[in-house]
Amino acid sequence: MSTNVQLEIFEGPLDLLLHLIKKNEVSVTDIPIAAITEQYLATLELMQNLNLDVAGEFLVMAATLIHIKSRMLLPAGDDEPDEDEGIDPREDLVRRLLEYQRFKDAAAELEQRELLTRDVFTRPAVTEQAPAQGFREVSLFELLTALRRVIERLPKDDAHEVILEKITVREKMTLILDILRAGERVHFEALFSEVKSRMEIIVTFLAMLELVKMRAIRIFQEALNGPIQIEAAVGIDQATEKVAMEGPEEEQNGTSGS
Amino acid sequence: MERADLKSIVESLLFVADGPLTLQRLEEVVEGSSRDEVRSVLQELQAELDRERRGVRLVEIASGYQLRTPKVNADWVKKLLGGRPPRMSRATLETLAIIAYRQPITRAEIEAIRGVDVDGVVGTLLERNLIRAVARKDVPGRPFLYGTTPEFLQLFNLKDLTHLPTLKEMEELTLPEAPEKSIPLERTEES
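Protein chains in written order, with this note's numbering: chain A, 1 to 258; chain B, 1001 to 1191.
Read the hints as simulated data drawn from the structure, not as lab findings.
Where a beta carbon is used, it is the ideal one built from N, C-alpha and C, also for glycine.
Per the computed footprint, the stretches of chain B lying under chain A, defined by three or more beta-carbons under 8 Å from a beta-carbon of chain A, are:
1. 1062 to 1070
2. 1095 to 1104
3. 1113 to 1123
Keeping only pairs whose Cα atoms sit at most 16 Å apart, straight-line, the calculated EDC-like set for lysine to aspartate or glutamate is:
4. A/K242 / B/E1127
5. B/K1137 / A/E241
6. B/K1071 / B/D1050
7. A/K69 / A/E38
8. A/K242 / B/D1119
9. A/K69 / A/D92
10. A/K23 / A/E38
11. B/K1007 / B/E1028
12. B/K1007 / B/E1044
13. A/K69 / A/D30
14. A/K196 / A/E152
15. A/K213 / A/E137
16. B/K1168 / A/E109
17. B/K1137 / B/E1109
18. A/K242 / A/E210
19. A/K22 / A/D105
20. B/K1071 / A/E111
21. A/K166 / A/E200
22. A/K242 / A/E171
23. B/K1007 / B/E1031
24. B/K1071 / A/E114
25. B/K1168 / A/D105
26. B/K1007 / B/E1027
27. A/K242 / A/D178
28. A/K69 / A/E91
29. B/K1159 / A/E114
30. A/K213 / A/E231
31. A/K104 / B/E1111
32. B/K1007 / B/E1037
33. B/K1007 / B/E1048
34. B/K1078 / A/E114
35. B/K1168 / A/E99
36. A/K69 / A/D88
Next up, chain A with everything else stripped away, as it sits in the complex (with noise of 0.2 Å):
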């Protein structure tokens, strides 16, 4: 009856094992665990064997089955005051099921519902991420030019700054995000509002050109030699994970995966 099994695509090792047990008309909180556990490692090898990519968690819960299986097979020993006494070896594999299977419901029913394009329309946006009605891209050599307004706002000190600011490019743009996560608007110059070198002018400028090219933010004024306006853009919430991802050091630190 093993190798029969019809391929479908399995979302993961709990969503084939689900099809194993629906498949064996068995209940999943009395999983005949030797038969299914063969059940899967033949639909793995299956899966193997045609080069199909077995992502390790299905090879994680293979070991768990196996794992389970011999618990089964050992005597429950009444001398053994063990803490796993009395606790079926598969009662944490079926809360597992049950949980996904509820997942599982629920997306059904969302997809049940009434879709928009798909069963429901409006109608279209007619502006497609446009700059709202009369704002306009700002061009680098504005943007500069603000810059060095800022700058020269600053006290001019004599003395050297000798105070080496450890503020990161990556810091700051956690920063720029968090306030603009927080707010509408900000006036670019508000963004300098705070800071008291020059490096950290700098360093400031930088994040928000980084923070413009992953498109998380806008920059923009309400008309020609107004007021530099910052907005979040589409991007903020990818470039909010991805500045968080990479840490606030320099180094990135390998993160593994993808």
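Got chain A sorted already, so can you dock chain B onto it with the hints?
Showing chain B alone in chain A's frame:
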């Protein structure tokens, strides 16, 4: 302002709006009419459109009001617009469901439920603006907590999150083909 005028104006506003209009926004724009009056004409309009089986209906979406075509006309609308609606993969839907019901939730917590890596799917959902990072969890690594967006509500025709279909209780869950007998999750000591 005459009630009939108010109703007409509200209908125009709903027609031109790019997204759901909140009661508050409508009230701001029409000026001089109380929120109750606006709400009342909205209800009247909604009833009227339904009663007359009109080609657009007034629906409460994402805490606002929006004109939408009824599902019965979907085929014709699709024919006119052409193109295929973006399909959502099962992985995407499942992940979205988990986030919708369990928000705010971290990536690791989603993975624990799905049993697989969700990096790619979460990225897609972020890109499609259906979820967003809402905060950070106060645990080591300060991972992001995700939640759904108003666009999520719009896509799934939801007034707000409380209108999500109720999640089945664990006890109600048995697989379709499962036999009657079911063993309670919490086993007693002597079993």
